[in-house]
Amino acid sequence: MTKTKNATQLIACQQCDALYDTPILKQGQSAKCTRCGCLLAERKVDSIERSFFWSIAGIILSVPAIYLPIMGVALLGQYNQATLFDCILALIDRGFFMIATLVFLFTLAIPIVRLLGAFYITYSFKFNRLKPSLLYFFRAYHHLDNWAMLNVFMLGIVVSMYKLLDDTELSVNMGLLAFILWLICSTIASSALDQDYIWQELENEFGD
Amino acid sequence: MNLAIKTARKSGLALCPQCHKLNDMDPMIGNDTRIQCIRCHGMFYSRKPHSLQYTLAWNIAALIAFIPANLYPIMILYSMGIGESNTILSGISEFIDHGLYPIAVIIFTASIIVPLLKIIGLFLLVYRVHTGVRLRPDKHSKFYHALEFLGPWSMLDVFVVALLVAVVELGFVTSVAAGPAINYFTLTVIFTMIAANSFDPRLLWDKKEGCENAKEENDD
Numbered sequence: 001m002t003k004t005k006n007a008t009q010l011i012a013c014q015q016c017d018a019l020y021d022t023p024i025l026k027q028g029q030s031a032k033c034t035r036c037g038c039l040l041a042e043r044k045v046d047s048i049e050r051s052f053f054w055s056i057a058g059i060i061l062s063v064p065a066i067y068l069p070i071m072g073v074a075l076l077g078q079y080n081q082a083t084l085f086d087c088i089l090a091l092i093d094r095g096f097f098m099i100a101t102l103v104f105l106f107t108l109a110i111p112i113v114r115l116l117g118a119f120y121i122t123y124s125f126k127f128n129r130l131k132p133s134l135l136y137f138f139r140a141y142h143h144l145d146n147w148a149m150l151n152v153f154m155l156g157i158v159v160s161m162y163k164l165l166d167d168t169e170l171s172v173n174m175g176l177l178a179f180i181l182w183l184i185c186s187t188i189a190s191s192a193l194d195q196d197y198i199w200q201e202l203e204n205e206f207g208d
Numbered sequence: 001m002n003l004a005i006k007t008a009r010k011s012g013l014a015l016c017p018q019c020h021k022l023n024d025m026d027p028m029i030g031n032d033t034r035i036q037c038i039r040c041h042g043m044f045y046s047r048k049p050h051s052l053q054y055t056l057a058w059n060i061a062a063l064i065a066f067i068p069a070n071l072y073p074i075m076i077l078y079s080m081g082i083g084e085s086n087t088i089l090s091g092i093s094e095f096i097d098h099g100l101y102p103i104a105v106i107i108f109t110a111s112i113i114v115p116l117l118k119i120i121g122l123f124l125l126v127y128r129v130h131t132g133v134r135l136r137p138d139k140h141s142k143f144y145h146a147l148e149f150l151g152p153w154s155m156l157d158v159f160v161v162a163l164l165v166a167v168v169e170l171g172f173v174t175s176v177a178a179g180p181a182i183n184y185f186t187l188t189v190i191f192t193m194i195a196a197n198s199f200d201p202r203l204l205w206d207k208k209e210g211c212e213n214a215k216e217e218n219d220d
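Just so you know, the protein sequences line up as chains E and F, in that order.
Under the numbering used here, the residue at position 97 of the first sequence is numbered 97, and the numbers go up by one with no gaps.
Under the numbering used here, the residue at position 55 of the second sequence is numbered 55, and the numbers go up by one with no gaps.
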């Protein structure tokens, strides 16, 4: 009996398993493990509100970011431009199915699913529509943490622009702007999401 | 460094990796028993089972895939019907020839240094945890986090090739085709990411503690 009481008042470091009393944090504060220096717990400012609106912006921006051409090249009177989606289609055309699938997952599917997930979770919290299924949903959401690579793709765009600048006429299109804004929105939407708080609330609601 | 610190495991508790809830754990059960989290109902283990073996296996797979990734051409540039194929390294030397040093440094870091550093680093971590020789958990866990963070950035070269293939498509004038190396290179990156995921940094601290205890017993 004393043990179960203990477990609710204690937290452990995810990285080194050191045990601490649960710190009482105000919004914007965070606690670090004294042994390995990793983040132990934090309370984010206005987590639900911020994540909700940034994720709406991100979902809207994902459409132009994917369908507007990012950049185009011209050489000897020929012109061609490509969207994010064209990259995947071009890879399928040439028979690189594995790469096409992975590029699709890392730069399209996972970022969009993460945005929709963040939107759904914050929507449920904002309008008090908590369901037990959220437990499973939020758990699944975490598995995608490492696999969204929009920021890497952004660096890829910069590098290939440099490469093309050398011997072709390069034009930058609206798609790039939309992509940058999309990247910013999805980064903020996922980093504003306060996981400790959400788990705590879900536990209060559905815990046995 | 305070090694006498209490861990969840020693207090009969286990941390759920998904929702960070502390669960009561039967002290009799070992690492290989699945526990169901009382908060998120997910299944987990107190420590990732066979963590070192998995890390080692994925790491070896990554190392093997890294060899053809560097030998085959990653990109073929056609201009006026003449094809010119480039491997990762020859692509970098071309950047240097053109005087694009910052890009050369970025590509070299992302496609050569980071994968190699990850593979060698994880081998080192697995070795240190296995033997316990000169184990510095504080330093090594920071190193591990750096490796984990750097992982996805290796995909840079793959994205660059994907973009170039789609954008540079001017028929006979000039076009870009991806080479077979891109498959192997992507596999290398994915394998190192899975290898890093399989590693459990808590083993570093467990091992260190085990070593200290053994030493104390020997001193007595």
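Keep in mind that a hint or two might mislead.
To be verified - Taking lysine-lysine pairs in the DSS-like style, the calculated list, with each CA pair at most 25 Å apart, reads:
1. F:Lys142 - E:Lys32
2. E:Lys32 - F:Lys215
3. E:Lys32 - F:Lys207
4. E:Lys44 - F:Lys142
5. F:Lys6 - E:Lys32
No wet-lab data here; the hints were simulated from the structure.
How the hints compare with the structure:
1. As the CA atoms of F:Lys142 and E:Lys32 are separated by approximately 14 Å, the hinted pair is consistent with the 25 Å bound.
2. Restraint check for E:Lys32 and F:Lys215: the C-alpha separation of about 30 Å exceeds 25 Å, so the hint is violated.
3. For the given pair, E:Lys32 sits about 22 Å from F:Lys207 by alpha-carbon distance, which is consistent with the 25 Å threshold.
4. Simply put, E:Lys44 and F:Lys142 have alpha-carbon atoms about 24 Å apart, close enough for the 25 Å limit, and the pair holds.
5. Taking the CA atoms of F:Lys6 and E:Lys32, the gap is about 16 Å. The hint holds against a cut of 25 Å.
Checked against the numbered hints above, the structure breaks only hint 2 and satisfies the rest.
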